[in-house]
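*Asks:* Sequence:
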Amino acid sequence: MKRFLFPAVLTTILMTGCGGEEKQVVKVFNWGDYIDPQTNMLFTEETGIDVLYEEYPTNEEMYAKISGGNARYDVLVPSDYMIEKLIKEDMLAEIDVNDLENYKFIDKDFKSLPFDPEDKYSVPYSWGTMGIIYNTTMIEDDIDEWADLWNPEYAKKMFMYDSERESLMVALKKLGYSMNSTDPLELEEAKQELIAQKPLVLAYVVDEGKGKMINEEAAMMVAWAGDADLMISENPDLKYVLPKEGTNLFVDAMVVPKNAENYDNALAYINFMTRPDIAAMNMSYLGYSTPSTAARQLLPEEMRDSEVAYPDPIPFETMEMFVDPSEVADVYSRIWTEVKASTGE
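Per the numbering used here, the sequence shown starts with residue 4, numbered consecutively.
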């Protein structure tokens, strides 16, 4: 899951063909820096369909743009909990996976997922985990639990993720609760944990944290597995762990909005992106994990065998997926505002 990247727009210019006929297009709305640009060009070369491509920095900003009904796209790539929300609000078109030749390459572990149990609306694009990355030359002890982020020994040596959902997840899992808790008492307890932790935190970061960890400006940080793989490739003293209290398993998937103007082209695009050679090329660029074993086998060896990207076995029993937070979204926002405004305890 790509998070909080600066917005950018990459658009393939809409051309007109001979006789003034408008060329076929597919309008794609995806996370920033979340595709190998070559894939869009290859799709156009193979199909003659131009890709009109735009980027968004967060699930919430994507939702805000499409929810008014004025912005029309053919393919979106939201995260699990946002797909659940879009399904609840009847904003997605059904996809008959029998029409997708390459759907058979999606592994069974990534089918019938909680946000789309009947596989009616989404096709997995990538997946990953969230854990802790730490510098083994700066920390002698083995880091293996979220509670390590509250150890005074590492005061002002750690970065936390600047996101209400992910930071609350860390605190809730530390306390032994579900990261999707809606219990007011549990959420209050998690808030107090984050307030108590704040004096230990060097900074709350997003993408800039990757470079800072590579440059050894901190000893540890909460990180997505895809980002961790990139950091480790630049600094082999870094190590990524999945905390024993459990963590987040995320899946980003391709969906088609109900108001899509180019439904058939959307299916063609999704089918193309699911083809093993294209999926492998795309994930090689991104550094995230593919939900296709066939695609994984085509990855460079160091990526294919990465324990960061592909833990073996995948500890499904200790991981949760985020669910639609609509019920308590305002509570999460209030808690994070209070945490960031506090002076700590």
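Treat the hints with care, as some may be off.
In silico DSSO-like links for lysine-lysine, alpha-carbon gap of 30 Å or less [unchecked claim]:
1) K159 <-> K123
2) K68 <-> K91
3) K111 <-> K123
4) K123 <-> K177
5) K194 <-> K215
None of these hints come from the bench; they were simulated from the model.
Everything numeric in this text was worked out from a predicted model, so none of it was measured.
*Asks:* Compare the structure with each hint and give your call.
*Replies:* These are the hints, each one checked on the structure:
no. : hint          : verdict
1   : K159 <-> K123 : violated, 47 Å
2   : K68 <-> K91   : holds, 17 Å
3   : K111 <-> K123 : holds, 15 Å
4   : K123 <-> K177 : violated, 35 Å
5   : K194 <-> K215 : holds, 26 Å
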